[in-house]
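Protein chains: 2
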Amino acid sequence: MSRCLITKAEVQSFVERCMVAVGTKPHHARSLAEVLVEGDHRGHYSHGLNRMDMYVKDIESGICAKDGEPVVEKDSAATALVDGKNLLGPVVGNFCMDLAIKKAKEAGIGWVVARGSNHYGIAGHYAMLALKENMIVRVLIFYYSSPEMCNDGGSAVSHHMCHNLPPPQGMSFTNTSPLVVPTRGKQCTLGTNPISVAAPGKDGDSFVLDMATSAVALGKVELHDRRGDSIPEGWGCDTHGKLSTDPKKVLNGGGLVPIGGSEATGGYKGYGLGMMVEVFCGILAGAQYSNNIRTWKVTDRVANLGQCFVAINPDNFAHGFNERMSDLMSIQRGMEPADPDFPVLAAGDPERTNMKKCDEMGGIPYHINVVNYMNDCAKRIGVSPLLPCDKVVSE
Amino acid sequence: MSRCLITKAEVQSFVERCMVAVGTKPHHARSLAEVLVEGDHRGHYSHGLNRMDMYVKDIESGICAKDGEPVVEKDSAATALVDGKNLLGPVVGNFCMDLAIKKAKEAGIGWVVARGSNHYGIAGHYAMLALKENMIVRVLIFYYSSPEMCNDGGSAVSHHMCHNLPPPQGMSFTNTSPLVVPTRGKQCTLGTNPISVAAPGKDGDSFVLDMATSAVALGKVELHDRRGDSIPEGWGCDTHGKLSTDPKKVLNGGGLVPIGGSEATGGYKGYGLGMMVEVFCGILAGAQYSNNIRTWKVTDRVANLGQCFVAINPDNFAHGFNERMSDLMSIQRGMEPADPDFPVLAAGDPERTNMKKCDEMGGIPYHINVVNYMNDCAKRIGVSPLLPCDKVVSE
Numbered sequence: 023m024s025r026c027l028i029t030k031a032e033v034q035s036f037v038e039r040c041m042v043a044v045g046t047k048p049h050h051a052r053s054l055a056e057v058l059v060e061g062d063h064r065g066h067y068s069h070g071l072n073r074m075d076m077y078v079k080d081i082e083s084g085i086c087a088k089d090g091e092p093v094v095e096k097d098s099a100a101t102a103l104v105d106g107k108n109l110l111g112p113v114v115g116n117f118c119m120d121l122a123i124k125k126a127k128e129a130g131i132g133w134v135v136a137r138g139s140n141h142y143g144i145a146g147h148y149a150m151l152a153l154k155e156n157m158i159v160r161v162l163i164f165y166y167s168s169p170e171m172c173n174d175g176g177s178a179v180s181h182h183m184c185h186n187l188p189p190p191q192g193m194s195f196t197n198t199s200p201l202v203v204p205t206r207g208k209q210c211t212l213g214t215n216p217i218s219v220a221a222p223g224k225d226g227d228s229f230v231l232d233m234a235t236s237a238v239a240l241g242k243v244e245l246h247d248r249r250g251d252s253i254p255e256g257w258g259c260d261t262h263g264k265l266s267t268d269p270k271k272v273l274n275g276g277g278l279v280p281i282g283g284s285e286a287t288g289g290y291k292g293y294g295l296g297m298m299v300e301v302f303c304g305i306l307a308g309a310q311y312s313n314n315i316r317t318w319k320v321t322d323r324v325a326n327l328g329q330c331f332v333a334i335n336p337d338n339f340a341h342g343f344n345e346r347m348s349d350l351m352s353i354q355r356g357m358e359p360a361d362p363d364f365p366v367l368a369a370g371d372p373e374r375t376n377m378k379k380c381d382e383m384g385g386i387p388y389h390i391n392v393v394n395y396m397n398d399c400a401k402r403i404g405v406s407p408l409l410p411c412d413k414v415v416s417e
Numbered sequence: 023m024s025r026c027l028i029t030k031a032e033v034q035s036f037v038e039r040c041m042v043a044v045g046t047k048p049h050h051a052r053s054l055a056e057v058l059v060e061g062d063h064r065g066h067y068s069h070g071l072n073r074m075d076m077y078v079k080d081i082e083s084g085i086c087a088k089d090g091e092p093v094v095e096k097d098s099a100a101t102a103l104v105d106g107k108n109l110l111g112p113v114v115g116n117f118c119m120d121l122a123i124k125k126a127k128e129a130g131i132g133w134v135v136a137r138g139s140n141h142y143g144i145a146g147h148y149a150m151l152a153l154k155e156n157m158i159v160r161v162l163i164f165y166y167s168s169p170e171m172c173n174d175g176g177s178a179v180s181h182h183m184c185h186n187l188p189p190p191q192g193m194s195f196t197n198t199s200p201l202v203v204p205t206r207g208k209q210c211t212l213g214t215n216p217i218s219v220a221a222p223g224k225d226g227d228s229f230v231l232d233m234a235t236s237a238v239a240l241g242k243v244e245l246h247d248r249r250g251d252s253i254p255e256g257w258g259c260d261t262h263g264k265l266s267t268d269p270k271k272v273l274n275g276g277g278l279v280p281i282g283g284s285e286a287t288g289g290y291k292g293y294g295l296g297m298m299v300e301v302f303c304g305i306l307a308g309a310q311y312s313n314n315i316r317t318w319k320v321t322d323r324v325a326n327l328g329q330c331f332v333a334i335n336p337d338n339f340a341h342g343f344n345e346r347m348s349d350l351m352s353i354q355r356g357m358e359p360a361d362p363d364f365p366v367l368a369a370g371d372p373e374r375t376n377m378k379k380c381d382e383m384g385g386i387p388y389h390i391n392v393v394n395y396m397n398d399c400a401k402r403i404g405v406s407p408l409l410p411c412d413k414v415v416s417e
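For the protein sequence lines, the chains are C and D, in the order given. Take the first sequence: its position 276, counting from 1, is numbered 298 in the working numbering, and each next residue is one higher. Take the second sequence: its position 85, counting from 1, is numbered 107 in the working numbering, and each next residue is one higher.
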């Protein structure tokens, strides 16, 4: 199968020009484009360019708002409730996470929830915004009052380290359209409700958990269906709520099951985690929740998603966070694996491998069908097409 | 199998007198007894009276401290780092959760982590302390500055509701002795690292998630082993890291696997969640972590566990939390179940059923072997035995 290589900059620019063409403000379009490019760069194609037409349609139809900015409705030193004003998910998400980080710098933690939001791309993007504070912290070093991080001798290295004060940890959660059947049930009443947690290690290393609380993403079931393959037991159930290895049954009237699969193998825990995400999102924020959320790809009514963004400043806790974090990951990665060909990983490692591969190739490889589909979309709205590099990648 | 019924008050008193006999301060003994009784009352016998001898031995040997109180090491409006001073886990846990609740009342959220702690019983106990604030809030109503909760007409019911202001949500996490093998690995480097989240609904109803991040508890594997039964695939692995249905292989050199089971069915998500708990506990608190934690039942060195306690005040977010929370649970419970004999539950429902059963019987039913074992322990330390009711329960 051949794939077209497209530079990150071109994907970024393409998404921006498409979104602006249908009336999105340039800085909102930029926010969306960044999240989608990041999704693809990390290898999560289901949350990247592939979904751009959904955002284009939402703006064109007016289901998603073009104008305005998110508004803080309730505010305290460590918490905020934000009205996302039905703007694009990444606009709401960036606003809330920036606010959470600001609060974490001042109060140790920031816990910000939003209602009136929309699909926001990969949850990890927001959690990782906290990691990126490394750079901001260099400029805004006066935000940190404690000098205790600079206590190892004043060498060039430690001086540099001192300017790399531990950035906050980040967390992000969103509710989503119902696709998951609770344990013992047979209707989809929960979304894939992702959990993302990012925590910084040493030397730019990090732990980045970004996972749906369903056993798998719907896209994986669809892929097996297209290939005519069966799915592993524990991914989904049929219309009677019975686990099924037939992807067609899962896709037609059945649903995904929570992590853990059946009740006997702990599926009720995944169900509980999906509910936990709903508590942090729809319930805390006063947004839509559970099966009140519009179903996937229905775009005739406002989504009003609830989302939750948390930043934690390790400086308010025990000294040496980054060193311990790196050691924790080293313990796992350094372990002898069950199969020598498959090393033990830490959350975020598969994505790092994918990003490295893209960077070495000089772009992100897209299936030709995706490029053609996007260019049809671009033509319709009068935008110049995606320009692949002159390289074709074989896989 | 016959069981002895023992009143909650007698179990509480028995644990207190045993702990005090070996030198525990009376109010510390009371804290421990409360958590153990609650564990049994909720049906989690693996975290109740059954474990008392471990605490007795820890105090007798001096591995766990008798004297002192937990100390706040770092403090901000919304966060704190606590040194548990190697006191009993429930002493540290109650101290931290009380502090988190106090902070949540003032700053919207309290995020408190402890190092120097010990086994603290069921994680749910601490998360639920936030729920119990219902009662405290009635007395300390001046803590709430916002009158917006009392806006529905002044009837007797709404007046009562107004005094039942939404209590904080609670969360609790602890790291534990290594028993879980990371995905692709073959050594136990993580504990069963539980997550607990409690959130209040209407009329005393609540969502109480209290789950290990392993597929099952070790006790369940032991139980199958004693019965000579095989275990479901996805509970544990053998010494080569391969999933096994033979409980002996899991118990002898193998280990539990994270929720989700194999890599194909999403076990890496459970592994990521176990790591997340470690980030919140050992890493943030500067306590022991991962396979540096002493192994289970090794009591010749200090545990120095890390724990994390969070309280969130729904009053700082969207109005109507309790109503939405109850509706969210009703959607799930009201769904037609796959099997009419097994209704869809919300987290906390199985425990509520167990508590109701105990309350109707007038006590907690214990296996005669447990009672005998505890009474041998009591005799050794010169304490009067557990007194069963005059009822014997058949099961």
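No lab work stands behind these hints, which were simulated from the structure alone. Some hints could be false.
To be verified - Here are the computed lysine to aspartate or glutamate pairs in the EDC-like style, where the Cα-Cα straight-line distance is at most 20 angstroms:
| hint | chain 1 | residue 1 | chain 2 | residue 2 |
| --- | --- | --- | --- | --- |
| 1 | D | LYS96 | C | GLU128 |
| 2 | C | LYS264 | D | GLU255 |
| 3 | D | LYS264 | C | ASP361 |
| 4 | C | LYS47 | C | GLU91 |
| 5 | C | LYS264 | D | ASP361 |
| 6 | D | LYS264 | C | GLU244 |
| 7 | C | LYS264 | D | ASP363 |
| 8 | D | LYS264 | C | ASP363 |
Against the structure, the hints:
1. A threshold of 20 angstroms between alpha carbons decides the hint, and for D/LYS96 with C/GLU128 the separation of about 14 angstroms falls inside it, so the pair holds.
2. With a C-alpha separation of about 18 angstroms, the suggested pair C/LYS264 and D/GLU255 falls inside the 20 angstroms cut-off, and the hint holds.
3. The straight-line distance between the Cα atoms of D/LYS264 and C/ASP361 is roughly 10 angstroms, inside the 20 angstroms bound, and the hint therefore holds.
4. Under the criterion of a C-alpha separation no larger than 20 angstroms, the hint pairing C/LYS47 with C/GLU91 is consistent with the structure, at around 10 angstroms.
5. The suggested pairing of C/LYS264 with D/ASP361 holds, with an alpha-carbon distance near 10 angstroms, which does not exceed 20 angstroms.
6. Our distance criterion of 20 angstroms between C-alpha atoms is broken by D/LYS264 and C/GLU244, whose separation comes to about 28 angstroms.
7. Between C/LYS264 and D/ASP363 the alpha-carbon distance is near 15 angstroms, which keeps this suggested pair within the 20 angstroms criterion.
8. A threshold of 20 angstroms between alpha carbons decides the hint, and for D/LYS264 with C/ASP363 the separation of about 15 angstroms falls inside it, so the pair holds.
Comparing the model with each earlier hint shows a violation of hint 6 alone; every other hint is respected.
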